[in-house]
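FYI, my numbering numbers position 73 of the sequence shown as 73, with every residue one higher than the one before it.
The reader is advised that the hints may include incorrect statements.
As a list, the in silico BS3-like pairs of lysine-lysine whose alpha-carbon atoms are at most 25 Å apart [unchecked claim]:
{"hint": "1", "residue 1": "Lys124", "residue 2": "Lys37"}
{"hint": "2", "residue 1": "Lys71", "residue 2": "Lys37"}
{"hint": "3", "residue 1": "Lys208", "residue 2": "Lys132"}
Listed next, with one range per pair, are the computed distances between beta-carbon atoms [claimed, not checked]:
{"hint": "4", "residue 1": "Gln115", "residue 2": "Asp203", "range": "38 to 48 Å"}
{"hint": "5", "residue 1": "Ala232", "residue 2": "Ala151", "range": "34 to 44 Å"}
{"hint": "6", "residue 1": "Asn43", "residue 2": "Ala64", "range": "26 to 36 Å"}
{"hint": "7", "residue 1": "Glu236", "residue 2": "Arg118", "range": "33 to 43 Å"}
{"hint": "8", "residue 1": "Gln115", "residue 2": "Lys212", "range": "30 to 40 Å"}
{"hint": "9", "residue 1": "Ala232", "residue 2": "Lys68", "range": "22 to 32 Å"}
{"hint": "10", "residue 1": "Lys212", "residue 2": "Met175", "range": "18 to 28 Å"}
{"hint": "11", "residue 1": "Ala11", "residue 2": "Gly160", "range": "32 to 42 Å"}
{"hint": "12", "residue 1": "Ala158", "residue 2": "Glu226", "range": "33 to 43 Å"}
{"hint": "13", "residue 1": "Asp94", "residue 2": "Gln135", "range": "12 to 22 Å"}
{"hint": "14", "residue 1": "Asn85", "residue 2": "Gly160", "range": "17 to 27 Å"}
{"hint": "15", "residue 1": "Lys37", "residue 2": "Tyr190", "range": "32 to 42 Å"}
Everything labelled a hint here was simulated from the structure, so no lab data went into it. Note that beta-carbon positions come from the ideal geometry of N, C-alpha and C, so glycine has one too.
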Amino acid sequence: MNVFPAIDLQAGHSVRLYQGQFDQQTLINANPVAQAKQIEAANLTNLHLVDLDGAKDGLPVNQAVIQKIRKQTRLFIEVGGGIRNLQQIERYLDLGIDRVIIGSAALNNPELVAQAVRKFGAAKIVVGLDGKNGQVATDGWLKQSKTSISAALAAMLAVGVQTFIVTDIQRDGTMSGPNVGLLAQLQQQYPAAVIVASGGIRDLADLKQLAKNKVQSGIIGKALYEGTVTLAELAEVE
1 MNVFPAIDLQ AGHSVRLYQG QFDQQTLINA NPVAQAKQIE AANLTNLHLV DLDGAKDGLP
61 VNQAVIQKIR KQTRLFIEVG GGIRNLQQIE RYLDLGIDRV IIGSAALNNP ELVAQAVRKF
121 GAAKIVVGLD GKNGQVATDG WLKQSKTSIS AALAAMLAVG VQTFIVTDIQ RDGTMSGPNV
181 GLLAQLQQQY PAAVIVASGG IRDLADLKQL AKNKVQSGII GKALYEGTVT LAELAEVE
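Take these sequences, add in the hints, and give me the full structure.
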């Protein structure tokens with residue numbers, strides 16, 4: 001199982017939102033760099049970073065913190081939030097970020113995704129599909145589209161994308177368990193896709209259930225801070 005502990009950045013701090021609502025924020029760590037070092041010290045190898053301000057504003061906002069984390073750890077780092085053009089993608093890759101997550105732009109500007117895959121390669125580009133009731137949400141989850149997650153995934157597969165982070169907004173930050181039904185359905189429907197589960201994962205049992213359904217990657221956020229799973233336990237699973 002590929003495990004990605006998550007750090008969500010707002011105003012330079014590590015925070016958690018409840019169901020993506022910016023007015024329901026909890027401070028996790030005022031020093032995200034130290035938090036990332038703790039993840040590395042626990043022998044984990046991956047890190048999922050989200051620029052929440054960037055997702056809302058449509059441009060990178062917390063890049064300075066992200067750059068510090070990159071310089072001070074050897075983690076495999078993926079970054080999302082506010083990435084809307086090739087220049088922003090290239091900037092993150094030039095900083096040493098391992099792969100970049102395209103979220104809202106994948107729906108609003110699919111040609112950008114196609115260009116990014118052609119220019120940087122599929123290994124460097126991830127598409128984030130965040131949804132509610134099976135439909136994609138955009139712009140920091142503030143806007144709801146009429147496009148289904150399944151249709152969006154199929155369209156992105158067609159232009160060469162291989163990896164997809166699928167987030168059920170209604171599960172995110174709720175500690176209610178992942179939407180295994182949706183994730184398993186997508187993985188079965190699109191076996192060539194690498195589905196990364198995001199939203200609601202509580203513990204090792206949830207990770208095992210995902211793996212049983214052929215979903216081999218998961219992002220862990222609130223569970224770490226609630227103590228229902230530890231970094232040490234995740235290191236054993238990875």
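Status of the hints after comparison with the structure:
no., hint, result
1, Lys124 with Lys37, "holds (23 Å)"
2, Lys71 with Lys37, "holds (11 Å)"
3, Lys208 with Lys132, "holds (24 Å)"
4, Gln115 with Asp203: 38 to 48 Å, "holds (40 Å)"
5, Ala232 with Ala151: 34 to 44 Å, "holds (40 Å)"
6, Asn43 with Ala64: 26 to 36 Å, "holds (27 Å)"
7, Glu236 with Arg118: 33 to 43 Å, "holds (39 Å)"
8, Gln115 with Lys212: 30 to 40 Å, "holds (37 Å)"
9, Ala232 with Lys68: 22 to 32 Å, "holds (25 Å)"
10, Lys212 with Met175: 18 to 28 Å, "holds (20 Å)"
11, Ala11 with Gly160: 32 to 42 Å, "holds (35 Å)"
12, Ala158 with Glu226: 33 to 43 Å, "holds (39 Å)"
13, Asp94 with Gln135: 12 to 22 Å, "violated (34 Å)"
14, Asn85 with Gly160: 17 to 27 Å, "holds (18 Å)"
15, Lys37 with Tyr190: 32 to 42 Å, "holds (36 Å)"
Of the numbered hints stated above, the single one contradicted by the structure is hint 13.
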